[in-house]
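Engineer: Okay, here's what each chain looks like letter by letter:
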Amino acid sequence: MNFDKDLDARGLNCPLPILRAKKALTDMQSGQVLRIVSTDVGSVKDFQAFCKQTGNELVSQAEASNEFTFFLKRK
Amino acid sequence: MAVEKICVVVVSGTRERLQMAAMAASVAAVSGMEVTIFLSMNAVPFFIKGASTDAPSEGKFGELMVQKNAPDFKTLFRQAVELGDAKILPCSMALDIAGIDTATLEPYLGEPTGLTRFLDLAQGAQVWTF
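Sequence order for the protein chains is A and Y.
Start counting the first sequence at 135; every next residue gets the next number (my numbering).
Start counting the second sequence at 1118; every next residue gets the next number (my numbering).
Everything labelled a hint here was simulated from the structure, so no lab data went into it.
Check each hint, because a few of them may be wrong.
[Said to hold, decoys possible] Computed cross-link-like contacts, DSS-like style, restricted to lysine-lysine with a CA-CA straight-line distance of at most 30 Å:
{"id": "1", "chain 1": "A", "residue 1": "Lys-139", "chain 2": "Y", "residue 2": "Lys-1177"}
{"id": "2", "chain 1": "Y", "residue 1": "Lys-1166", "chain 2": "A", "residue 2": "Lys-179"}
{"id": "3", "chain 1": "Y", "residue 1": "Lys-1185", "chain 2": "A", "residue 2": "Lys-139"}
{"id": "4", "chain 1": "A", "residue 1": "Lys-209", "chain 2": "A", "residue 2": "Lys-157"}
{"id": "5", "chain 1": "A", "residue 1": "Lys-209", "chain 2": "A", "residue 2": "Lys-179"}
{"id": "6", "chain 1": "Y", "residue 1": "Lys-1177", "chain 2": "A", "residue 2": "Lys-207"}
{"id": "7", "chain 1": "Y", "residue 1": "Lys-1166", "chain 2": "A", "residue 2": "Lys-139"}
{"id": "8", "chain 1": "A", "residue 1": "Lys-139", "chain 2": "Y", "residue 2": "Lys-1191"}
{"id": "9", "chain 1": "Y", "residue 1": "Lys-1177", "chain 2": "A", "residue 2": "Lys-186"}
{"id": "10", "chain 1": "Y", "residue 1": "Lys-1122", "chain 2": "A", "residue 2": "Lys-207"}
{"id": "11", "chain 1": "A", "residue 1": "Lys-157", "chain 2": "Y", "residue 2": "Lys-1122"}
{"id": "12", "chain 1": "A", "residue 1": "Lys-186", "chain 2": "Y", "residue 2": "Lys-1122"}
{"id": "13", "chain 1": "Y", "residue 1": "Lys-1185", "chain 2": "A", "residue 2": "Lys-157"}
{"id": "14", "chain 1": "A", "residue 1": "Lys-207", "chain 2": "A", "residue 2": "Lys-157"}
{"id": "15", "chain 1": "A", "residue 1": "Lys-179", "chain 2": "Y", "residue 2": "Lys-1204"}
{"id": "16", "chain 1": "A", "residue 1": "Lys-209", "chain 2": "Y", "residue 2": "Lys-1166"}
{"id": "17", "chain 1": "Y", "residue 1": "Lys-1166", "chain 2": "A", "residue 2": "Lys-186"}
{"id": "18", "chain 1": "A", "residue 1": "Lys-209", "chain 2": "Y", "residue 2": "Lys-1204"}
{"id": "19", "chain 1": "A", "residue 1": "Lys-179", "chain 2": "A", "residue 2": "Lys-139"}
{"id": "20", "chain 1": "Y", "residue 1": "Lys-1204", "chain 2": "Y", "residue 2": "Lys-1191"}
{"id": "21", "chain 1": "Y", "residue 1": "Lys-1166", "chain 2": "A", "residue 2": "Lys-207"}
Just so we're clear, the structure is a prediction, and the values are computed from it rather than from any experiment.
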């Protein structure tokens, strides 16, 4: 999937992946896609809840080798 | 959907409680909730400009957070303001008792606030106390 900005949140614990994602989204335009890679096991449910709360779209999520990859479309 | 209101009351000066308050407040704020943080008692002196964030630990976990380089609570509170439009209001009574001049506080704090005003702000909000 294409993306406009990349956030490497590997090695960061809660709540830093969410805070960094929020900061990254602030600098993006509506419709642009942010890719986030995290190793925090809580981040799957966290990003689902974050998108539900903020209205940004969680386009896809995947897990491989203990890394979680998310694609968020800015609202 | 109506914006959810959260009021976070922080009176503790221990590392674990300050950290948990900062984590909860920052995540709530960046998730679009309307967050107001009321600082009083032992929490206030940490918000003097340049004050150390080396708060005493309540137990083993506080020491582990230092060893693991967890982000300090002031950074998280500041991000709640900068990224989530949270408001951090220092308690006017605590400032008076501790003899702290408002001009010496961190610039991201709001105006000194009394309990009556805070209770007015807290109407209809969830209130979390640390």
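Engineer: Confirm or reject each hint.
Structural biologist: Here is what the structure says about each hint:
A C-alpha spacing of about 39 Å is found between Lys-139/A and Lys-1177/Y, which places the hinted pair above 30 Å, so the restraint is violated. Restraint check for Lys-1166/Y and Lys-179/A: not satisfied, since their Cα atoms lie roughly 36 Å apart, outside the 30 Å limit. Taking the CA atoms of Lys-1185/Y and Lys-139/A, the gap is about 28 Å. The hint holds against a cut of 30 Å. Annotation: proposed proximity of Lys-209/A to Lys-157/A holds, straight-line Cα distance about 14 Å (limit 30 Å).
A C-alpha spacing of about 19 Å is found between Lys-209/A and Lys-179/A, which places the hinted pair at or below 30 Å, so the restraint holds. Our distance criterion of 30 Å between C-alpha atoms is broken by Lys-1177/Y and Lys-207/A, whose separation comes to about 40 Å. With a C-alpha separation of about 34 Å, the suggested pairing of Lys-1166/Y with Lys-139/A is violated against the 30 Å cut-off. Distance check on the hinted pair: Lys-139/A and Lys-1191/Y sit about 27 Å apart at the alpha-carbon level, within 30 Å; holds.
Taking the CA atoms of Lys-1177/Y and Lys-186/A, the gap is about 35 Å. The hint is violated against a cut of 30 Å. Between the alpha carbons of Lys-1122/Y and Lys-207/A the distance comes to roughly 25 Å, so the proposed pair stays at or under 30 Å and holds. The straight-line distance between the Cα atoms of Lys-157/A and Lys-1122/Y is roughly 21 Å, inside the 30 Å bound, and the hint therefore holds. For the given pair, Lys-186/A sits about 16 Å from Lys-1122/Y by alpha-carbon distance, which is consistent with the 30 Å threshold.
Straight-line distance between C-alpha atoms of Lys-1185/Y and Lys-157/A comes to about 23 Å, which keeps the hinted pair within the 30 Å bound. For a cut-off of 30 Å, the pair hint linking Lys-207/A to Lys-157/A stands: about 14 Å separates their Cα positions. Distance restraint check for Lys-179/A and Lys-1204/Y: the Cα-Cα separation of roughly 27 Å lies within the 30 Å cut-off, and the hinted pair is therefore satisfied. A threshold of 30 Å between alpha carbons decides the hint, and for Lys-209/A with Lys-1166/Y the separation of about 36 Å lies outside it, so the pair is violated.
Distance check on the hinted pair: Lys-1166/Y and Lys-186/A sit about 36 Å apart at the alpha-carbon level, beyond 30 Å; violated. Distance check on the hinted pair: Lys-209/A and Lys-1204/Y sit about 24 Å apart at the alpha-carbon level, within 30 Å; holds. With a C-alpha separation of about 22 Å, the suggested pairing of Lys-179/A with Lys-139/A holds against the 30 Å cut-off. Restraint check for Lys-1204/Y and Lys-1191/Y: satisfied, since their Cα atoms lie roughly 14 Å apart, inside the 30 Å limit.
Our distance criterion of 30 Å between C-alpha atoms is broken by Lys-1166/Y and Lys-207/A, whose separation comes to about 38 Å.
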